[in-house]
Amino acid sequence: KAGVTQTPRYLIKTRGQQVTLSCSPISGHRSVSWYQQTPGQGLQFLFEYFSETQRNKGNFPGRFSGRQFSNSRSEMNVSTLELGDSALYLCASRAGQENIQYFGAGTRLSVL
Amino acid sequence: DQQVKQNSPSLSVQEGRISILNCDYTNSMFDYFLWYKKYPAEGPTFLISISSIKDKNEDGRFTVFLNKSAKHLSLHIVPSQPGDSAVYFCAAFGGSQGNLIFGKGTKLSVKP
Numbered sequence: 001k002a003g004v005t006q007t008p009r010y011l012i013k014t015r016g017q018q019v020t021l022s023c024s025p026i027s028g029h030r031s032v033s034w035y036q037q038t039p040g041q042g043l044q045f046l047f048e049y050f051s052e053t054q055r056n057k058g059n060f061p062g063r064f065s066g067r068q069f070s071n072s073r074s075e076m077n078v079s080t081l082e083l084g085d086s087a088l089y090l091c092a093s094r095a096g097q098e099n100i101q102y103f104g105a106g107t108r109l110s111v112l
Numbered sequence: 001d002q003q004v005k006q007n008s009p010s011l012s013v014q015e016g017r018i019s020i021l022n023c024d025y026t027n028s029m030f031d032y033f034l035w036y037k038k039y040p041a042e043g044p045t046f047l048i049s050i051s052s053i054k055d056k057n058e059d060g061r062f063t064v065f066l067n068k069s070a071k072h073l074s075l076h077i078v079p080s081q082p083g084d085s086a087v088y089f090c091a092a093f094g095g096s097q098g099n100l101i102f103g104k105g106t107k108l109s110v111k112p
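One line per chain: the protein sequences are R and W, in this order.
Start counting the first sequence at 1; every next residue gets the next number (this note's numbering).
Start counting the second sequence at 1; every next residue gets the next number (this note's numbering).
Hints were generated in silico from the structure; no laboratory data involved.
The C-beta atom is built at its ideal place from N, Cα and C for all residues, glycine as well.
The reader is advised that the hints may include incorrect statements.
Away from chain W, derived, C-beta distances all over 12 angstroms, residues of chain R [to be verified]:
#1 I12
#2 Q17
#3 Q18
#4 S27
#5 R63
#6 N71
#7 N77
#8 E82
#9 L109
Covered by chain R, according to a simulated footprint, are these stretches of chain W (three or more residues, beta-carbon under 8 angstroms) [what the hints assert, rightly or not]:
#10 29 to 42
#11 45 to 57
#12 103 to 112
Using the sequences provided together with the hints, build the complete structure.
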């Protein structure tokens, strides 16, 4: 069974631009969560989608948004990029009410 | 307010000896705990978990202990191997949001 796939793996953007990251969950998993990892803050929860609906949201500004499609694939969008948005963005999927989340390799975003 | 704390940023252990990684939490509503291992340039990999109704869970060389009264859990790796060198994250599930809350990680180095 294929794991969680994130594309692209690396991205370089400039301040003010917007970016879209993609995540394909493990087949059969309907829940997709997004996390931001930075050296100072560790892994911080952005949001979770389940059956195309946002189920939970972390404490991030409205510039961070996401969506989920009917095939459970998810996208995350960051608008008006700031230097502080440089981070590793991780996507995780889980099955139903299971507590174990399985992570993709992440997208490394650098904002110049 | 950091709800999951890993107070040791790093740990160095000799090959063959025991590695003990510690984690403290503050929210008594947490009911499920997980340990993840992360290599550079990869996403976190699920290692082992424990429900709050148990105080110990074993999987091969890995054992997680939970002390609910002290709000403390630990991961024991016996015997430690050089391939165990990675960053280990403790995570908790539960509380008011249905997402994982991570500690900031402990970097384990196992010396041959």
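Name the hints, by number, that the structure is in violation of.
Every hint satisfied by this model.
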